[in-house]
Amino acid sequence: MSKVCSHSTYAINNVKINLRPWPFAQWGMDIVGPLPAAPAQKKFLLVATDYFSKWVEAEAYASIKDKDVTNNGQAEATNKTLITALKKRLEQAKGKWVEELPGVLWAYRTTPGRPTGNTPFALAYGMDAVIPTEIGLPTIRTDAAKQSDANMELGRNLDWTDEVRESAAIRMADYQQRASAHYNRKVRPRSFKNGTLVLRKVFENTTEVGAGKFQANWEGPYIVSKASNNGAYHLQK
Numbered sequence: 001m002s003k004v005c006s007h008s009t010y011a012i013n014n015v016k017i018n019l020r021p022w023p024f025a026q027w028g029m030d031i032v033g034p035l036p037a038a039p040a041q042k043k044f045l046l047v048a049t050d051y052f053s054k055w056v057e058a059e060a061y062a063s064i065k066d067k068d069v070t071n072n073g074q075a076e077a078t079n080k081t082l083i084t085a086l087k088k089r090l091e092q093a094k095g096k097w098v099e100e101l102p103g104v105l106w107a108y109r110t111t112p113g114r115p116t117g118n119t120p121f122a123l124a125y126g127m128d129a130v131i132p133t134e135i136g137l138p139t140i141r142t143d144a145a146k147q148s149d150a151n152m153e154l155g156r157n158l159d160w161t162d163e164v165r166e167s168a169a170i171r172m173a174d175y176q177q178r179a180s181a182h183y184n185r186k187v188r189p190r191s192f193k194n195g196t197l198v199l200r201k202v203f204e205n206t207t208e209v210g211a212g213k214f215q216a217n218w219e220g221p222y223i224v225s226k227a228s229n230n231g232a233y234h235l236q237k
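So the sequence shown is numbered by full-length UniProt numbering: it starts at 1 and just counts up by one.
Derived from the structure by calculation, the hints contain no laboratory data.
DSSO-like cross-link-like pairs, simulated, lysine-lysine; straight-line CA separation at most 27 Å:
(1) Lys226 / Lys237
(2) Lys65 / Lys80
(3) Lys186 / Lys201
(4) Lys88 / Lys42
(5) Lys88 / Lys201
(6) Lys186 / Lys80
(7) Lys201 / Lys94
(8) Lys94 / Lys42
(9) Lys193 / Lys226
(10) Lys42 / Lys80
(11) Lys80 / Lys201
(12) Lys96 / Lys42
(13) Lys201 / Lys87
I would like the entire structure built from these sequences, with the hints used as guidance.
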């Protein structure tokens, strides 16, 4: 019969949790669509966003069940950025959004975010991405990678990773507090007088057939013809 070491039991039951920022520990997921029909009848986009690094993964599908995905604010914020970027690239060829998606994702992952002050790529991998231009036109960083001290350079990057992530976490918390205070300070009641020209938010697009999420966000202008007591307005063209 063997005896259980009390010291080992104590150590197992009292494992300290790593409180440092942990990429890919928590993801937000959301569905974007329906979008204009692409090859293979793909009309939906499943978007997953890492809460800390803001790294994004997205996959196109022909159909998705809402019950399989729980929407949240983190993913919805990413969706807006992706849709805006796709709109700028597509113009009239809205059905080619699947072809443009990899380029949009790469741009998102290698662009510094305001909340963290760093790129999702750097926060995930501990180093900046090497862009195609650096391969064709050597830089100090790519030259160093070819030398014998490449392993030392890689180790240096890994040593700095924790510090970079902790700095990003602090910056993110500060950004969220300032953004909340700024928004609350800016919110003011607003009213429109009869005859005022306004744009109307588009909730269901009836002018761009098949545009889906790539539709215009606003339409008009309209003229305010009557104001109701409940805050609603009657509009006319």
